[in-house]
Amino acid sequence: MDANRLDALDARLLTTMRAHPRIGLTELARLLNVARGTVQARVEKLTARGVIADFGPTIDPTPVGYPILAFVWLQIAQGRLTEAVASLDKIPELLEAHGTSGQHDLMCRVVARSTEHLQEIIALILSSPAVQRTDSTIALSTQIPYRVDPLLTAATT
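Numbering of the sequence shown is given in our numbering, commencing with residue 137 and proceeding in unit increments.
Simulated from the structure, these hints should not be mistaken for lab results. Ideal Cβ positions, reconstructed from N, Cα and C, are used throughout, including at glycine. Keep in mind that the hints are not guaranteed to be accurate.
What the hints assert, rightly or not - Computed beta-carbon distance windows for the label pairs:
| no. | residue 1 | residue 2 | range |
| --- | --- | --- | --- |
| 1 | Ile159 | Gly215 | 42 to 50 Å |
| 2 | Arg245 | Leu161 | 26 to 34 Å |
| 3 | Val170 | Val200 | 35 to 43 Å |
Make the full structure from the sequences, and use the hints.
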């Protein structure tokens, strides 16, 4: 079996951990009907491989005052990606940025307090000489929230 693939126990372990984020290893072992040592070894292996990225709580920006979610695509000046990313990294409302193919170089997930605040954030993004142009879209609703459970199931087949 490919060392990067998940087996059925890995998938069950991850799905159970996601359903019960505060669960301890002993309780996890009981629910999965496997030894605690097996669970601990699997969790350590999955963490070392980067499959488990963190153990922190997932924070929803809306209840802490950021109800606007937008996706902002950026065109970066040739050869200035590192400079652009350094500038973007200083913007707390910018939650993530991904390099992309196609006409844009980066796709950023941004939250804001209001549409006016979003406009200020976009102006701040554009204040970097490394950023040539932006194109933004405000998300009106979330139809399918971030999820990995179906992927975990599919990864074991």
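Cross-check of the supplied hints:
{"no.": "1", "hint": "Ile159 / Gly215: 42 to 50 Å", "result": "holds, 48 Å"}
{"no.": "2", "hint": "Arg245 / Leu161: 26 to 34 Å", "result": "holds, 33 Å"}
{"no.": "3", "hint": "Val170 / Val200: 35 to 43 Å", "result": "holds, 38 Å"}
The structure fails none of the hints (numbered hints given earlier).
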